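With the hints as a guide, dock the two chains, each given alone in a separate frame, to form the complex.
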Amino acid sequence: MKQGRAGEHRRLCLIQLKVAKRGDPMHQRSFAPYLFILPAFVLYALFVGLPVAQVFAYSLFAWDSGTIKGFAGLANYVRLFNDRVFWVALGHNAIWVVLTLTFPVAVGLFLAAILADSGPNIRRIASAVYFIPRTIPLVVAGIIWGWIYNPLFGLLNWILRSVGLGRFAGGWLADPDSALLSLNVVGAWTFFGFCVVIYLSAIQSIDPALQESAQVDGASWWQRFTRITTPMLNRTTLFLGLYASIEAMRFFDLVWVTTGGGPGYATEILTTQIYKSFFLVGDFGYASALSVVLLVIVLTIGTSAFLWLRER
Amino acid sequence: MKYVAQASIVGSMTVAFAAFSPANAQTIVNQWDQFANAGVTAAGPAMEELIETCQAELPNVTIIRTVAPSIGIRDVYRLAVSAGKTPDLAYTWPAASVLAGYARTGALAELDSYAEQYNWELNDFSRGRNSYNGHLYAIPLEQDLMGIYYNKDLFAEHGVAVPTTYAEFQAAVETFKAAGIIPIAFGNRDRWPATNTMSMILGATVGREGEEAVFFGDEPWTNAGFTMAAEVFAEWGANGYFPDGFNGIGFDEANALFTSGQAAMNATGTWAIQDLGRNATFDLGAFVLPPIGDGVPPGTMWGEGSQWQIAAIASQDTKDAAAAYLNCLTSPDKQQIWVEKGFLVPIGTDPDDIQNWNTLPIVKEFYAAGLADGNDNFYDLHTTVPESVTQVLYPELQRLVGGDTSPQAFLEAMQASWEAAVANGERWTP
Numbered sequence: 040m041k042q043g044r045a046g047e048h049r050r051l052c053l054i055q056l057k058v059a060k061r062g063d064p065m066h067q068r069s070f071a072p073y074l075f076i077l078p079a080f081v082l083y084a085l086f087v088g089l090p091v092a093q094v095f096a097y098s099l100f101a102w103d104s105g106t107i108k109g110f111a112g113l114a115n116y117v118r119l120f121n122d123r124v125f126w127v128a129l130g131h132n133a134i135w136v137v138l139t140l141t142f143p144v145a146v147g148l149f150l151a152a153i154l155a156d157s158g159p160n161i162r163r164i165a166s167a168v169y170f171i172p173r174t175i176p177l178v179v180a181g182i183i184w185g186w187i188y189n190p191l192f193g194l195l196n197w198i199l200r201s202v203g204l205g206r207f208a209g210g211w212l213a214d215p216d217s218a219l220l221s222l223n224v225v226g227a228w229t230f231f232g233f234c235v236v237i238y239l240s241a242i243q244s245i246d247p248a249l250q251e252s253a254q255v256d257g258a259s260w261w262q263r264f265t266r267i268t269t270p271m272l273n274r275t276t277l278f279l280g281l282y283a284s285i286e287a288m289r290f291f292d293l294v295w296v297t298t299g300g301g302p303g304y305a306t307e308i309l310t311t312q313i314y315k316s317f318f319l320v321g322d323f324g325y326a327s328a329l330s331v332v333l334l335v336i337v338l339t340i341g342t343s344a345f346l347w348l349r350e351r
Numbered sequence: 033m034k035y036v037a038q039a040s041i042v043g044s045m046t047v048a049f050a051a052f053s054p055a056n057a058q059t060i061v062n063q064w065d066q067f068a069n070a071g072v073t074a075a076g077p078a079m080e081e082l083i084e085t086c087q088a089e090l091p092n093v094t095i096i097r098t099v100a101p102s103i104g105i106r107d108v109y110r111l112a113v114s115a116g117k118t119p120d121l122a123y124t125w126p127a128a129s130v131l132a133g134y135a136r137t138g139a140l141a142e143l144d145s146y147a148e149q150y151n152w153e154l155n156d157f158s159r160g161r162n163s164y165n166g167h168l169y170a171i172p173l174e175q176d177l178m179g180i181y182y183n184k185d186l187f188a189e190h191g192v193a194v195p196t197t198y199a200e201f202q203a204a205v206e207t208f209k210a211a212g213i214i215p216i217a218f219g220n221r222d223r224w225p226a227t228n229t230m231s232m233i234l235g236a237t238v239g240r241e242g243e244e245a246v247f248f249g250d251e252p253w254t255n256a257g258f259t260m261a262a263e264v265f266a267e268w269g270a271n272g273y274f275p276d277g278f279n280g281i282g283f284d285e286a287n288a289l290f291t292s293g294q295a296a297m298n299a300t301g302t303w304a305i306q307d308l309g310r311n312a313t314f315d316l317g318a319f320v321l322p323p324i325g326d327g328v329p330p331g332t333m334w335g336e337g338s339q340w341q342i343a344a345i346a347s348q349d350t351k352d353a354a355a356a357y358l359n360c361l362t363s364p365d366k367q368q369i370w371v372e373k374g375f376l377v378p379i380g381t382d383p384d385d386i387q388n389w390n391t392l393p394i395v396k397e398f399y400a401a402g403l404a405d406g407n408d409n410f411y412d413l414h415t416t417v418p419e420s421v422t423q424v425l426y427p428e429l430q431r432l433v434g435g436d437t438s439p440q441a442f443l444e445a446m447q448a449s450w451e452a453a454v455a456n457g458e459r460w461t462p
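From first to last, the protein sequence lines stand for chains Y and H. In terms of this note's numbering, the first sequence opens at residue 40 and continues consecutively. In terms of this note's numbering, the second sequence opens at residue 33 and continues consecutively.
These are calculated hints, taken from the structure and not from any lab test. Because the structure is a prediction, the values reported are computed rather than measured. All C-beta atoms, glycine included, are put in the ideal place defined by N, C-alpha and C.
Okay, the calculated bits of chain H under chain Y, using three or more residues with CB under 8 Å as the criterion: (1) 109-118; (2) 134-146; (3) 271-279.
Excised from the complex, chain H in its bound form (with noise of 0.2 Å):
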């Protein structure tokens, strides 16, 4: 106890003088980050390693880090924001939408000078996403994308092979259910996760240009194609896709349901990547789902997932050291260590590149099938959307995919909100 007490009082000198010594002036950076080492976004061995690697590189500069879980980082992330207690730095979700939000009402640091400086390269579709008003506010980091995985195993038993049209999708789900097997593992208890797999339906269904029509454009979402994309959604809840009570059935649950071979696929993203891979007891493979609507080009939903956003109440010395660390973290030379331990791919990576790295097989064939058709992915719903809207579309989404409420009084609701939120000012624009 002795010993722990001197210690202590050493280390907290050795601190103090860290600290106030002209000569070796730290800079304390505090950081909120969402990777955890299991979970959603469980990327935090990377993270970890990453904080020792930047400060050596960085010997000014001392991070103090605060794990917060993905999924309530957003609203604790809210509550410090309002209550004027905005962490210096944050790696929080979502872009887009929500971070023009916080933009708009001045609580964060433009970034354009330090993009300048450390000549940050993000492209046009990033770049939108983390801006407002023609100015950068974040710098995303992992490459979110939507798909399909699936087990390689029951796909061979049954004799499907990987689909590359919606019939063939179709054709595999009805084989598993006569089969006995679930088709698609899927859980909505959280309600967030029906966001996901309808944005990937939307798209499939008409489009990138189909989906800006009505975000950045005057298209109502009544329109035939989002009413089409609606349809398909109600008709996978309705007719045995999911397993029974799925509105009832948790998104952790439901990973379990497929890695435990009991599902056939799992229609989630690359942020359970690290969860899936690890856990799978079978070979795990993914796909993209294929275009749904006429003439749509084959993508995938995809997205920064999150965002690296630096306070405008942090001085500047603060915002300068972030700024250099956040330089420091999405470098390049970085983007293997994100990878191999995080098993999270920084956007902008080689998909070449991540083929020759040490890491997980479904890592790799992921962002081969997911980066393939880049230019033609389109928007996630709740990250493009106002949270005002996003609140309605949630419980929605639960009627229309539970059957209790119709494609069209479903876009009706959403015309609404989204009427509601345009007139408050709340819409997002790249």
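The following block holds chain Y by itself, in its conformation from the complex (with noise of 0.2 Å):
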């Protein structure tokens, strides 16, 4: 009886399949969705599938002066595995990645917090003024930062040795110790503000009633920030460090108008190093190669976190 049920219904579904390959309003509908994604679809395959088949493709040739000399296969790949440059330059993107993830998110998380708890007024002005720094191109944010870093008339030397904290004093972006650090404060300075208004909306779409319980029952505001506020944020937390994580692996301008990577290889990132070995050395396909594996870190992080999230 079970497989006779079996063989019918097996029998329906191919009839299904035939009425629906002689036109039935059904199937046809469900080329509809593909039709609607289809401008955007060519337009991302215009636009980014083939510049990153054209870079890939670029990596497996051997360039000179930006000419191609000849096929390389895999060798600028193997070449990233000797080159020094590269792992300090991968050292310091996660080490930007581990410190923007620290600092910004975790001070835009307790800023909103309190931001949260405060009057409308003073939550709209401080919000806004948070947000100013992310506004500033990061190239000016760079400008004005390298003045205030400037070891002859810096702000930052200036302030110090007024408040006798001149020992302090010193070549912020010039000392190799100090200038990855130093360029991570401006890093930080421009994005908090956006975790903070990322943060404030998030926290405004929690239910009231949870912290009305809570602060009936007699729990602090401390209390409530870590078992209840925090909690519920955890989406939130993850996006942001999702784009807090893609920014510090492809965050460029900031760096080269400030250090251009120095001292030395001190500040020297991956996408400064690609800079380098595509317009100043003409190396057309190291660089390639340097881009293609930047842009498996990017997708490797992105993708994790997508997966991540929708499990969750």
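See the structure below:
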């Protein structure tokens, strides 16, 4: 009896398939979504897929002053393993990711939680003020902070000397020990306001009854922050973490206008190494190999986070 | 607005007529150059006047000019070449190794026939640095010299005479240090200024022959002479010759430090002469670093700085027009315009002539000092070594002078990149 039902079901499915092939409206509708995404897909293929394929193709050739010399196979990728600068740059990117996840995101969460408990006017004004650095192009931010850090006339050294802390004054971007950290402060300055705004809107979407109940039960502000607010913002934190990680891997302009990757290799990152290999040396093959590696890293971060988000 | 539109239409028609009328066939030459009105190589006013002059002399040639900043033009030019859009005529830097890269890949037109046609006279040094495989690919213009600008007022105030030996130079530095004055304005945030300083020290330590043994021979970078030069530069960085945080100070900021009277000397080249000459608030002088190595003759780093080159992809008419225009720009009767309007001294200019022309006193003084020992002048590192080596040289010099690497480790890094470039066929030889 069971087999008979199963056989009947298979027969019905085959009939439906045949009908569909003859032009059943249900079957026609199934193509519609593909038609809708076709324009976007074509644009994506033209402006993203094709350039990516082109970069990958470039990476398989040896170049001389921007001109192809011959097929190189995977030689440009093999070269990466022995390139000390590549590993130093990758390490700096990793440090940048960790620092970005630690400071601007954490500070943004804390400030947003404070603002959420403030009056609407303070909330509006403060979040706008915090967000201002985000609106400043990184090139401009780099120039401004380059002046602040300048060993000759920098504001930071002047302030330190004015308050009797002159022994801490120095060449912030000239010293390999402080250059990367000093630049990360600039990066954090431009990013934390964004975190505040995103967290603030997420906090405001949390059911106020939860906070009120906890308050009635005698929970302190810190307890509510750590036990209710922070856990409820997991998805927002994940989004900001993902965004910050990708940004930390692909940022360039701030470093380029301030230190150019120096002093020495102290602030070298993957994108500055790519720029130098491509534009200054004319070794398009190696620059493309570096770009492909960077793309793979960013895609891996993005895909992992996406899958994790979907599971949760 | 109406008149503007009418003028625009009339202008367009005139240009169109001029371009297509067989009787007045115009050849358009697209020119890229780096002659701005301020900053490095600020010979813009001379360039503008010479375009007018040469267009008048060559009525069938029209120059369309694009100015790119001096530091950036080499990157922009590389991109244009790799995109197959090489400008018809370009004045860019550097010659020698990078020029050889373009010649090797067929991006540039050979200029041998034009040199013969127009009787361009080049000394062996300049011809070599603008040639590849025995063929001429560029014409140099400006005579670059490296030296030490100094504040005559500060020197007089502290009883310091212009040094004639390296020991006197060191004593002068110590005098200024003791007086709380920065001895040498130096900013290396832009990465390339250290290359010039190191080139100057290197030549003064090993001389031209010592450099050629490495650049064109088989002598390694780690030889005793190069090691001594690296040690000298590291000492300058460690012993307070430069302002604190020099790796975080820009080239222009260092120049401002000097022109405002806060530093006694400034070790840089004639590419900054326009800015320093105009902005110095004191009596400005220049001298050449005395020899450091035993038995090394006096001299300084020199070169052509940048050079004119014609695109291989330009049409024959365009190449001919560009060559005729180049002949006009570089002819001896135009030297005075370059010197007086641009404070730029063309290669081959008689130093005695400069003394009689209306130009800045520092131009006269610097070229008199720098050309006095021309036969013993030596090479500039980053216009002589391939780009792949230059991109190691820049950061490694920052580390060397900043005390983050030893002279030996610096030279080993240079030797490794040099060997890779040689194996890759990138080495330029005259």
